[in-house]
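Start from chain A and add chain B according to the hints.
2 protein chains.
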Amino acid sequence: MRSSLEHHTTVGELGEAGILQLLHTSYQRLTSGEGVIGPGDDAAVIPAPGGNFVIATDAMNEGHHFLRDWPSGITDNGYSTGWKLAAQNLSDMNAMGAVTSSVSVALAMPTTTPAAWVFHFGRGIANACHWLGAPQTVISGGDLTRANTLATAITATANLVADPVLRSASENVAGFQLIHTGNVGMSHAGFMVASQGDHSQLGRDELQALRLFLRPRPPLDQGPQVAGIVSAMMDVSDSIYTDADRLAAANNLYAHIDPDWVARRAARLQPIADRYEADATQWVLTGGEDYGLLAVLNPERDVPAGWQVIGQLTHEPQERPKITGWDHF
Amino acid sequence: MRSSLEHHTTVGELGEAGILQLLHTSYQRLTSGEGVIGPGDDAAVIPAPGGNFVIATDAMNEGHHFLRDWPSGITDNGYSTGWKLAAQNLSDMNAMGAVTSSVSVALAMPTTTPAAWVFHFGRGIANACHWLGAPQTVISGGDLTRANTLATAITATANLVADPVLRSASENVAGFQLIHTGNVGMSHAGFMVASQGDHSQLGRDELQALRLFLRPRPPLDQGPQVAGIVSAMMDVSDSIYTDADRLAAANNLYAHIDPDWVARRAARLQPIADRYEADATQWVLTGGEDYGLLAVLNPERDVPAGWQVIGQLTHEPQERPKITGWDHF
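As they're listed, the protein sequences go chains A and B. The letter at position 147 of the first sequence is residue 147 when you use UniProt numbering, and the numbering goes up by one with no holes. The letter at position 219 of the second sequence is residue 219 when you use UniProt numbering, and the numbering goes up by one with no holes.
If we strip away everything but chain A, and leave its shape as in the complex, we get:
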């Protein structure tokens, strides 16, 4: 297999059976779970011992959500794309307080796509599940199709360890704390590096940001851990401001973000921001794709280990500079 990959084989030359075999090999970081049927049949059967399951879908398309060649000279052989696709999807499971059970992968691609890209894409998915703390994840199957451009989609399922943690709390949460765990602004810093950096002379901090942009690390252990403790939760995929406002709006309240917390988090990123003549405060407040968790906590409870209080839910809107949120269209 390796020798054929070295000879610039395309998926068109490999054919469907060859690509499936390649993907199967690439997935081998993950082993099939107990009680699971498939892939290989018309569909897979996945255990849902709690009598229900959580499900969400995410998509990433070339030219819009990923590139193979970044302006900085940084390249992705497919591994980072697979990793990021899985990571953002598992982050949705995390946000419900659930433990991922399976992922199903749709991959649409031109016949000219290098087979090696598919192999590394599959490796990225399997390794993200493994290293982010979800090695129990089964790759239940998916679909391989032809398309004019590379388009990927993934659907994760998960099992709940407690009641699902929704955005809307079942109690009055006015005055409750907003707490956060995970990276913030880091992915945006990495995006700047990938877009505008010089790949031949990146600092250690730039490399770290780049890595977290290309291969984000949602804290998958935290969601299930705080289920039953927090009153509401979501993951931060778009930005602290946008997502805190969504969480607040789901409870008919406003989000107040503590400027001191913002300043502390921005201070860590400012050395990178300086190199790009940018403002790290903006990165912290409006940068997306870090996939941390944002939750609502009763102030009478202890803040869980690894979380920070970043603000609170209030009846009055916070005075803020005008921020433009991310719209996928």
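The hints are simulated quantities; they were obtained by calculation from the structure and are not laboratory data. Note that the Cβ used here is the ideal one computed from N, Cα and C, for glycine as well. Accuracy of the hints is not assured; some may be wrong.
[To be verified] Covered by chain B, according to a simulated footprint, are these stretches of chain A (three or more residues, beta-carbon under 8 Å):
{"hint": "1", "segment": "58-67"}
{"hint": "2", "segment": "91-104"}
{"hint": "3", "segment": "141-155"}
What follows is chain B alone, placed relative to chain A:
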């Protein structure tokens, strides 16, 4: 909403929130099931009362799996694409003997895509679920993304009514009957009409074939009904020959297809085939996308109502003319 659709609004003009509202409206043929959370949160929660669930993904991409304008002058406003995407995915659930519980939809599109296309695409999904006999299906959410070309993917989940019906039987099925229910060759006939017909002068039979090509009708009541009766099952998505061979191979046997059955089914399509100087026997044997069911039945059992015996599983390969199967690459 309707008036804006009439003014050639694009999804780029509408923005993400507008598209979501449009899709929500288009889905209204289906109502949210009991015990279901979502869409609207990070993920949906779907009941799986049996302690497990069935899952499969399908994709369709413009230019490869669907067109908006066919060479014959026939057009699709998006409805048929949504219908077909859902129908083929629900057919996989049917093939496992399962009853669909949810679908999740990924839609990647250029900003220039007409908003009306998205609306009718959503209507097509909801109406396929409703009219094919799966009105209990919940549209659990999905993902809207930008892409250079229209790419769609859908993931269905389903509940089992008995043990899952796999391709590989748990007993020795040598000498068992191959039985089939559903259309055969019809979709290929419709493809000929869409590709080479003259839309202004189609016969009644051509219109029927065209309709079944654009909006296939998998017999969703049959899969769960024969679960526990048949020994193995799959849906016929690629062709009778290809899929019967797969079903046989999964049991280390060969498929023998009864030429008399083929002749009877071909006779129904030959009037259309004559108009395209084609051989209806080829359509029956190698045409795909009809989404009937193919199952293995113990000859001591009664053939279920609505099914036909089309051959048997044997130790010796059947002598056949050379057939080229469908490879997705």
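* **Claimed coverage, the segment 58-67 of chain A by chain B - three or more beta carbons nearer than 8 Å** => As far as the segment 58-67 of chain A goes, the hint holds, because 8 residues have Cβ atoms under 8 Å from chain B.
* **Coverage assertion for the segment 91-104 of chain A with respect to chain B, Cβ distance below 8 Å, three residues required** => holds (count 7)
* Claimed coverage, the segment 141-155 of chain A by chain B - three or more beta carbons nearer than 8 Å -> holds (count 12)
Comparing the model with each earlier hint shows no violations; every hint is respected.
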